[in-house]
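*Asks:* Chains as they are written, first to last, in numbering that gives the first Met the number 0: chain A, 0 to 324; chain B, 0 to 285.
If you are wondering where the hints come from, they were derived from the structure by calculation, not from laboratory data.
Incorrect hints may have been included.
Computed cross-link-like contacts, DSBU-like style, restricted to lysine-lysine with a CA-CA straight-line distance of at most 30 Å [as the list claims (entries may be wrong)]:
hint: 1; chain 1: A; residue 1: Lys-33; chain 2: A; residue 2: Lys-15
hint: 2; chain 1: A; residue 1: Lys-79; chain 2: A; residue 2: Lys-123
hint: 3; chain 1: A; residue 1: Lys-1; chain 2: A; residue 2: Lys-79
hint: 4; chain 1: A; residue 1: Lys-126; chain 2: A; residue 2: Lys-139
hint: 5; chain 1: B; residue 1: Lys-112; chain 2: A; residue 2: Lys-15
hint: 6; chain 1: B; residue 1: Lys-11; chain 2: A; residue 2: Lys-146
hint: 7; chain 1: A; residue 1: Lys-79; chain 2: B; residue 2: Lys-112
hint: 8; chain 1: A; residue 1: Lys-123; chain 2: A; residue 2: Lys-146
hint: 9; chain 1: A; residue 1: Lys-79; chain 2: A; residue 2: Lys-15
Selected chain A positions facing chain B (Cβ under 10 Å, derived; list incomplete) [what the hints assert, rightly or not]:
hint: 10; residue: Arg-86
hint: 11; residue: Met-88
hint: 12; residue: Ser-94
hint: 13; residue: Ala-103
hint: 14; residue: Pro-106
hint: 15; residue: Tyr-108
hint: 16; residue: Gln-113
hint: 17; residue: Glu-116
hint: 18; residue: Val-117
hint: 19; residue: Ser-258
hint: 20; residue: Ile-259
hint: 21; residue: Phe-299
Pairwise CB distance ranges (calculated) [what the hints assert, rightly or not]:
hint: 22; chain 1: A; residue 1: Glu-42; chain 2: B; residue 2: Asn-279; range: 33 to 43 Å
hint: 23; chain 1: A; residue 1: Gly-74; chain 2: B; residue 2: Phe-109; range: 28 to 38 Å
hint: 24; chain 1: A; residue 1: Lys-126; chain 2: B; residue 2: Phe-12; range: 22 to 32 Å
hint: 25; chain 1: B; residue 1: Gly-110; chain 2: A; residue 2: Gly-67; range: 18 to 28 Å
hint: 26; chain 1: A; residue 1: Asp-300; chain 2: B; residue 2: Phe-109; range: 37 to 47 Å
hint: 27; chain 1: B; residue 1: Asn-279; chain 2: A; residue 2: Met-205; range: 41 to 51 Å
hint: 28; chain 1: A; residue 1: Glu-204; chain 2: B; residue 2: Gly-110; range: 18 to 28 Å
hint: 29; chain 1: A; residue 1: Asn-9; chain 2: B; residue 2: Phe-109; range: 24 to 34 Å
hint: 30; chain 1: B; residue 1: Arg-111; chain 2: A; residue 2: Ser-258; range: 35 to 45 Å
hint: 31; chain 1: A; residue 1: Gly-217; chain 2: B; residue 2: Leu-20; range: 51 to 61 Å
Glycine included, every Cβ here is placed at the ideal spot set by N, Cα and C.
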Amino acid sequence: MKEVLLEIRNLQTHFKTDEGEARAVNGVDLKVPKGETLGLVGESGCGKSVTALSIMRLVPEPPGRIIGGEIIFDGQDILKLREAEMRRMRGNTLSMIFQEPMTAMNPVYRIGSQMAEVIQLHQKVSKKEAMDRALDMLHKVGIPDPKQRLREYPHQISGGMRQRVLIAMALSSHPKMVIADEPTTALDVTIQAQILDLMNQLKEEMGTSNLLITHDLGVIFEMAQWVAVMYAGKIVEYAAVSDLFSQPLHPYTTGLMNSIPQIDQPVPKDKMLRSIPGMVPSLFDLLEGCTFQDRCNHVFDRCRREEPGLADLGSGHMVRCWLHG
Amino acid sequence: MAQRNTDSLGYKFQLFMKNKLALVGLLILVLISILVFFGPSLSSYDAFSVDFSVKLRAPSSTHLFGTDNYGRDLMSRIFSGARYTLLAAVVSVVIGLTFGAPLGLISGYFGRKVDLIIMRIVDILLAFPPLILAMAIVSGLGPSLVNAAVAIGISYIPIFARMARSRAIHVKRMDYVESAIALGSSRVRIILTDVLPNSMTPLIVQATVYTGYGILWVASLSFIGLGAKLPIPEWGLMIAEGRKYIISGEWWLTVFPGLFIMLGVTGFTLIGDGIREVTNPKLRLK
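So that you can see chain A by itself, here it is in the shape it has in the complex:
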């Protein structure tokens, strides 16, 4: 494994609600190597986005709170930084791309001035230089007629175009790492492919590391070198992408893979996709033992008594399951 840029150890982010404490992130461990992409997958509500917000220290507080753990980014623990230091880091060395390109830009400013503002936040340049850089970035993300776009307002361009602009903004200060929270979910499939290609290409060009959050395993396969599967606030499996796809170990991972429709294979006899039975456990009172016990086909005594740890099976493949511990 290459040098690690981001390492999260036992991160816990909880939310106080009327029904009690929701443990959205309940002990996440993961690593993002320099210059590579880690895909974080899991179903809705498993804590992917909260993990991302925790890294940016953007968890709405209250009701949220980072209870414990460490987030080591580029050698320092982000959770120990003062807010002002954190602010200098955001958009500068650590940047983020959001899910909804349609609403992620301020509607009252021209694209150029919004981009220039972000650039001037982190770099001591004149307004004119900032504009030149903005133009440069728009060029880089493949926006046609970038000079004209700089003068336009966000509502004048399409969703795919806007996501390109947002990527340009996020990358304008050459961050070491970009967190992309479902960057293509709101876009249609052809545009999705374009945006993903663009992100890959920029990653190669600029040497940034990516943390890509998605619920689409197909996207992970295209984009990532590493993948972490998240379930009920924990990482249940972590592996190189090729290992995970050739040899998924955790029953949840195999369940996820089985539930993907395959275009080149016949539909099962009962004409149903194989979904994972049961529901995500409540985040309020988590069960004793393994969080996946009630939905697992291989469950045995030990799973109900003790919680498995994240066991390293060599070559960086880790799994949280008694079948493999």
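Guided by the hints, dock chain B onto chain A, whose structure is given.
*Replies:* Positioned in the frame of chain A, the structure of chain B alone reads:
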């Protein structure tokens, strides 16, 4: 047909012009503005020169609005008085906006304790009917037109603060605010570049409408002797002066200033509504 840019100012202006009532409001505003800037020179009489030989004359071709008990031409006085009433109304809105809007934005954006403290103070101020509050403040400061404007301005602060707060709460949940924070903006910057500009429209509408009310309130305070002092031809004060003559039949002393107050309030209210309609497409559908 060529595609129209529905967000361009030109298109919005066209929409505004299509709204008949707003157009009427605009006309009234233009008329009043002319009075404010050129009032005294629009009439051949001086607003302050006393001539007892023509006192209490009914409207005629020489004195279109008649004359008052000092023989001053009423039309000249109304024209010259426009600037006092209007400026006082505008000053009060400016005061309300410059103090109320930032308070509301801070309160709404930061929330929690800050919000609690600011809004409880605002609630206390809002508990008084605005005019009563203004009267209390003028009584403290001493009656004068400037103090009346300040007092109305102060009673406007909680109104603008409330409006700004509700906008700030709405805007701070927008994705672009979160995105701006994620790209390193500070909170002050967020308030200035994201929350404020995106809260402007309702504030502008409110400011316009409350300028209209301001005319009414300035006149009211002057009427009860807490505003402009004689011999300033402030409209409310003129009504107060003319009141004594209603029973004896000299109606023009009260009717004409009253008409102009009504005109001013109507004008600003119509324009406010017009702007609201132009900037809110949902209202346009009907």
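*Asks:* Indicate, hint by hint, whether the structure satisfies it.
*Replies:* Each hint tested on the structure:
1. In summary, the hint linking A:Lys-33 to A:Lys-15 is not supported, as the alpha carbons are separated by about 35 Å, beyond the 30 Å threshold.
2. A threshold of 30 Å between alpha carbons decides the hint, and for A:Lys-79 with A:Lys-123 the separation of about 26 Å falls inside it, so the pair holds.
3. Simply put, A:Lys-1 and A:Lys-79 have alpha-carbon atoms about 25 Å apart, close enough for the 30 Å limit, and the pair holds.
4. Under the criterion of a C-alpha separation no larger than 30 Å, the hint pairing A:Lys-126 with A:Lys-139 is consistent with the structure, at around 20 Å.
5. This hinted pair checks out: B:Lys-112 and A:Lys-15 have alpha carbons roughly 18 Å apart, not beyond 30 Å.
6. Distance hint between B:Lys-11 and A:Lys-146 is fulfilled; the C-alpha atoms sit about 26 Å from each other, no more than 30 Å.
7. Only pairs whose Cα atoms come within 30 Å are accepted, and A:Lys-79 paired with B:Lys-112 is accepted, the gap being roughly 25 Å.
8. Between A:Lys-123 and A:Lys-146, the direct Cα distance comes to roughly 22 Å. Compliance with the 30 Å bound is thereby established for this hinted pair.
9. A C-alpha spacing of about 22 Å is found between A:Lys-79 and A:Lys-15, which places the hinted pair at or below 30 Å, so the restraint holds.
10. Because the beta carbon of A:Arg-86 sits about 6 Å from the nearest beta carbon in chain B, less than 10 Å, this interface hint is met.
11. A distance limit of 10 Å between C-beta atoms decides the matter here; for A:Met-88 the minimum to chain B is near 8 Å, and the interface restraint holds.
12. Hint on A:Ser-94 holds. Least Cβ distance to chain B is approximately 7 Å, under the 10 Å limit.
13. Interface hint at A:Ala-103: satisfied, since its Cβ lies 4 Å from the closest Cβ of chain B, which is below the 10 Å cut-off.
14. Hint on A:Pro-106 holds. Least Cβ distance to chain B is approximately 7 Å, under the 10 Å limit.
15. The beta carbon of A:Tyr-108 is positioned within 10 Å of a beta carbon in chain B (closest approach about 8 Å), and the interface hint is therefore held.
16. Proximity of A:Gln-113 to chain B holds as hinted, the smallest CB-CB distance being about 9 Å (cut-off 10 Å).
17. Taking 10 Å as the C-beta cut-off, the interface hint given for A:Glu-116 holds, the closest approach to chain B being about 7 Å.
18. Annotation: A:Val-117 was flagged as interfacial toward chain B, and the flag holds, the nearest CB pair being 5 Å apart, inside 10 Å.
19. At a threshold of 10 Å, the smallest CB-CB gap from A:Ser-258 to chain B is about 30 Å, leaving the interface hint violated.
20. Look at A:Ile-259: its Cβ only gets to about 29 Å from chain B, farther than 10 Å, so that hint breaks.
21. Contact between A:Phe-299 and chain B, as hinted, is not supported at the beta carbon level, the nearest pair being about 44 Å apart and thus beyond 10 Å.
22. Judged by the Cβ atoms, the range 33 to 43 Å given for A:Glu-42 and B:Asn-279 holds: they are separated by roughly 39 Å.
23. Here the CB-CB span from A:Gly-74 to B:Phe-109 is close to 33 Å, well matched to the stated 28 to 38 Å.
24. In this structure, A:Lys-126 and B:Phe-12 meet the distance hint of 22 to 32 Å, their C-beta atoms being roughly 30 Å apart.
25. For B:Gly-110 and A:Gly-67, the Cβ-Cβ distance of about 26 Å falls inside the hinted range of 18 to 28 Å, so the restraint holds.
26. Remark: the range hint 37 to 47 Å for A:Asp-300 to B:Phe-109 is contradicted by a beta-carbon distance near 52 Å.
27. Taken as a hint, the range 41 to 51 Å holds for the pair B:Asn-279 and A:Met-205, whose Cβ atoms sit roughly 43 Å apart.
28. The supplied range of 18 to 28 Å is broken by A:Glu-204 and B:Gly-110, whose beta-carbon atoms lie about 41 Å from each other.
29. At roughly 32 Å, the beta-carbon separation of A:Asn-9 and B:Phe-109 lies within the given 24 to 34 Å, and the hint holds.
30. For B:Arg-111 and A:Ser-258, the hinted distance range of 35 to 45 Å is satisfied, since their beta carbons lie about 43 Å from each other.
31. A hinted range of 51 to 61 Å for the beta carbons of A:Gly-217 and B:Leu-20 is consistent with their spacing of about 57 Å.
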